[in-house]
Amino acid sequence: MKRIIKLTINGKPVETAVSPNQTLLQFLRDDMNLTGTKHGCGLGDCGACTVILDGKAVNSCLVLAIQADNSEILTIEGLAQDGKLHPIQQSFVDKGAIQCGFCTPGMILSAKALLDQKPNPSELEIRTALSGNLCRCTGYQKIVEAIGEAAEVIRMREES
Amino acid sequence: MLLPKFYYHEPATLEEALRLLSEMGGAARILAGGTDVLVRMKLKIDKPSHLISLQKIPGIDVIIQRENHGVTIGAAVTAAELSTNELILERFAPIGIAASRLGAPGIRNRATIGGNLVNARPAADLSPACMALDATLKLKSAKNEREVRVNDFFRGPGETLIEPNEMLVSIFVETPPPWSGGAYIKLGARKALEISMVNVAVLLTLQSQDGPIADVKIALGAVAPTPVRAFAAEEFLVGKQPSSELFKEAGAIGVGMCEPITDHRGTMEYRCLMIETLTSRALNQAYNNAINWKPLPV
Amino acid sequence: MGDYQVLNTRATRVDGPVKATGQAKYADDFKFQGMLYASILQSPLAHARILRIDTSKAKKLPGVKAVVTSKEAGLIKYGVSPARYDETLFAHDKVRYVGDEIAAVAASDPDIALEALSLIKVDYEELPAVFDMFEAMKEGAPLIHDEFPGNMNAEVHQEFGDTEAALQSCDLVVDHTFLNKRQDAAFLEPHSCVAVFENPGRLTLYTSTQVPHYVMRTVAMTLQIPVGNVRVIKPYVGGGFGPKCEATPLEMSCGLLSKITGQPVKMTYSREQVFLHSRARHQFYAEMSLGVMKDGTMVALRNKAVLDGGAYTSFGIATVYYSGSLLGGPYKLKSMKYDGYRAYTNKPACGAQRGHGGVAHRACFEQLIDITAEKLGIDPIDMRLKNIMVTGDMTVNELDMSSLGMKECIEAIRAGSGWNNKKGKLPKGKGIGMACGFFVSGAGYPIYRSDTYHSTVVIKLSEDGGVANVMTGSAEIGQGSDTAMAMIAAETLGIKLNDVRVYSGDTDYSVDLGAYSSRQTLMTGHATKEAAEDVKNQIASYLAQELNVPVASITFVDGIVKFDGGPGNFEKLRTNYIKEHRGWTDPPTGEYLTFREAARMAYLKAGTIVGTGKYKPPRLGGSYKGAAVGTSPAYGCSAQIVEVSVDLETGEITVDGMTDAHDCGLAINKTSVEGQMQGSLSMGLGECLFEEVKFDSRGRIINPSLGEYKIPTALDMPKVKSIIVESHEPNGPYGAKEVGEGAIMPTIPAILNAIYDATGVRINELPVTSERLFMAMKNKT
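Residue numbers (the numbering used here), protein chains in the order written: chain V, 15 to 174; chain A, 8 to 305; chain F, 246 to 1026.
It should be emphasised that the hints constitute simulated quantities derived from the structure, not laboratory data.
This structure is a prediction, so every number in the text was calculated from the model and none was measured.
Among the clues, some could well be false.
Quick look at which bits of chain A chain F covers, simulated, 3 or more residues with Cβ under 8 Å [what the hints assert, rightly or not]: (1) 58-66; (2) 191-198; (3) 274-280.
Think of the CB as a built atom: it goes at the ideal place given N, C-alpha and C, for glycine as much as any other residue.
One chain only, chain V, in its complex shape (with noise of 0.2 Å):
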């Protein structure tokens, strides 16, 4: 039996009936052709499918949807502003921090979710959040470079 649910995507307000066993993950996908939010484990193990759930990075494929009801969800699709790369977006264009990009979505939401809590983290800090995201391309170096890149501007940013 599928239900209503009510929620936000990328700031605008969705509402829509989905099924008790679709994840968020296929939501995202299927239904709202979200597709930047990637599978690559369905388990968790990997975080390729990480959007942010009310401020926290989560692996979408271990949300059902209809637990996303009345929640605010913010995907890859929704980061950059006015056709502007998001500060987080464009360092990890300008460091080399993308290869394949499978990884990359989820890599750029925990990075996200990161800073908006830690404007000034540690390099283990950052390594900590992108723990559950997992790489094969890059070994992880220019990734953890664009992040404290991204930081940076954004503190700078907001001083100014």
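Assemble the complex: chain V is given as a structure, and chains A and F must be docked to it using the hints.
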């Protein structure tokens, strides 16, 4: 990975949840963080026909300080909350550290202490931590309510003494006395996203800053079908003046309580050796924390 | 290095923004009207005769559109190398591993497809199975393929010089053995494909592959569709690392099901199926003897390999050759003997993975060099420097080191890591180790015997003159090839990088053998450069004619045209251009003629400007059997130093730091080169410390998940110091060569040598879990 079909319930009160649970008995599972039950359902290890979500139930996901003599942790408090809560980290450190080593941030943001305990995995992070702190669990059903000590709770892999119509609603932990210190050590392959090969939680209390050991609790995970307390090692330590040598001996005694298995993560032999080493190491850490005990700022 | 405008910079990737915003489309992101969902039935048994397959119940399930088995698919054999086509799309006589494909279903939704699979009834007669490569080669072992007695899939025997005599003449001969474990590539994107079959008989596949060209050929062959009617489009790919280098049952099933139903068909492997499909790193056993003189001069190497191939050949023949040929360098040897054996076992087939065939044997050899150096009392770095090859050297097995910055790499890491202050001076529990390695820049021959070009590229200028469209069948799989090609085109044409667009991964665009054996920078790069030169020459000729100046006086730099280095007299062209574009908002200005004006005016004269380029390697290598594997137009090389801490009480290893130097010829894009280096190190670290695909006693994978098959997390990787060493490779475009695979070669032995330095214990079996190291330390004392 597809989830099988099931009925979803989202009760607004605890009473309603318990009523649903008593009606459905074994056919229902509680859905809190979902990081365990949804995985088990996807892998077809578990096939409940009903999921009862705790999401709308008020008050079940909070940490309440009990006027200095203890803390009540709602069953739906997440590992992320435990790993950052100052009171928990200061006074109930094994729980805070264990929570910080569970999975990875995305998992910790959903996984709950209740789920971690009730799933009763031998390698769970929070079980030994709660055992070292001698936590008490409040189990409720539609008609009854009872309290059990976490030390009596586990029965085997995936088995506890919780009844199908019961739900774990909260965990109470008494505040350790002055000059107490805790530790939690986890041995796994990677530095995150790990299931323990061995884990050890310790709470050690001194009679005074430079006094002998007044009390100690040592709990070990992934070393037997359930997490276990190393009672013999505890008894051996009480009343003695702490030292590294003493902790080493205690580690050797601790192994006696364990019957680890050989599986693809590690052999029995290695696990036994690590119990010894990590027990002694955790005792040393707990001792160092104990001598640095400070009253909480008011 | 030359004075480049675009090359040799840190230009950002051309696909960066679409990937950072989630707009980049991967195969599973595609949806089509009326699309069906498919799934594959895989064998639960490791070795069994198929007695009967009953699909009737599945066919009757509402929502099921087609069910196919070998009856519908036929029995056309395929594989990677035509010499060993040993697979059919679906098993018909027997299944040979847990996961062997038996049937496929297409249904209106994924749930129904899965339910239909459960309704297919297969009767089996279980057969004895063999899972261990040594057991498989013993007499009386269960036979997996009737055509291959002794389960011997491939055997290689090569000798260069008289190795036994050379070993006898040595002052010291040291032996070593090594065993790695079966690995998984663990790319983040599971295989996925959508097949669209349209009348009249044309099949398009959108698929996650490294090799659109080979997929096109294999699918055409097995589904009996004329090859010209099969088009393979590779969208963005979430990593490949080797196992996506061949056509999969998933692709063929989707194609067949779409052909039968007339509807688009999608299938995506679960993570478990990715493990079952495998085609990743083999398990290798290595046995080696190295003969040296007292002064450290290496003389002779005897090398034996046994490979656990799994149930089918896949890339295995090349793999077993590489395990031998890739030890020919980078050290001078007088003789080398190699005996390699690849056995069939009842496990998923192994194939190519980063550092194909070379990684485990390199790990053994580089440990052996350290052991030997210690016996001789020589510093491991000095030992290597004493024997190192330099540009122009030829290995004993006739690999031509047309450029080789090996020595420079070693010197760079020695300085960069502070080796001299650390080696031999660290406290117990801390260690430092080094190793070297090299790898091909593309295979000298295609997988099938053919005179085909390995790469062709078409560059078409937009008719407004503003944009160069590079069209290529090459495969961007994350390594950055689209960016590299854009940069090569921009540099060659003398235009801005922003004015190049790359259309890649489509078999309708051009021939390109794809992303394997680290070939695209060199081979596709050559073709791109040639196509750009063609375009440039056409425009230059037009200008020369139109303005009556010598062609040789014309140069293109950064989007402008210079005549004898100056603006020249081009007024006539600009006036005409502006006349043609009245009302446009961006009339050309400035004292120089722009490329856009020139290209537009050339178009007005000659029609669309199209340039083409092509590349195939010259005939390479020796005349001995198997010389085709390992020969390459060029070789990249690298050296690494690793520092570790070992917890002596638990055996836990922490890699504290890595210093890596790689000679990639000219670094087309320095950021991308570092990215490949760092990614290689991370994979090597995982393989060394954590990774192992494990099986139970019935051949089922115990750990087919990314939770239990452990690749490094961000917390397991240390900071890497990456040093790019640039040689000039005469056979590479602008002097460029590989970096994607060679960089993994030294990682494992460097870690192992560091662990030895920290503990005094030599580990010769992977992965080095805390238990393996602790027990080895314990058993030593």
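Query raised in the report: For the region 58-66 of chain A, does the count of residues with a C-beta closer than 8 Å to a C-beta of chain F reach 3?
Result: It is violated, with 0 qualifying residues against the three required.
Query raised in the report: Are 3 or more residues of the region 274-280 of chain A near chain F, judged by a Cβ distance of less than 8 Å?
Result: Since 4 is at least three, the answer is holds.
Requested in this report: With a C-beta cutoff of 8 Å, work out whether three or more residues of the region 191-198 of chain A approach chain F closely enough for the coverage to hold.
Outcome: As far as the region 191-198 of chain A goes, the hint holds, because 4 residues have Cβ atoms under 8 Å from chain F.
When the structure is compared with the earlier hints, a violation turns up for hint 1 alone.
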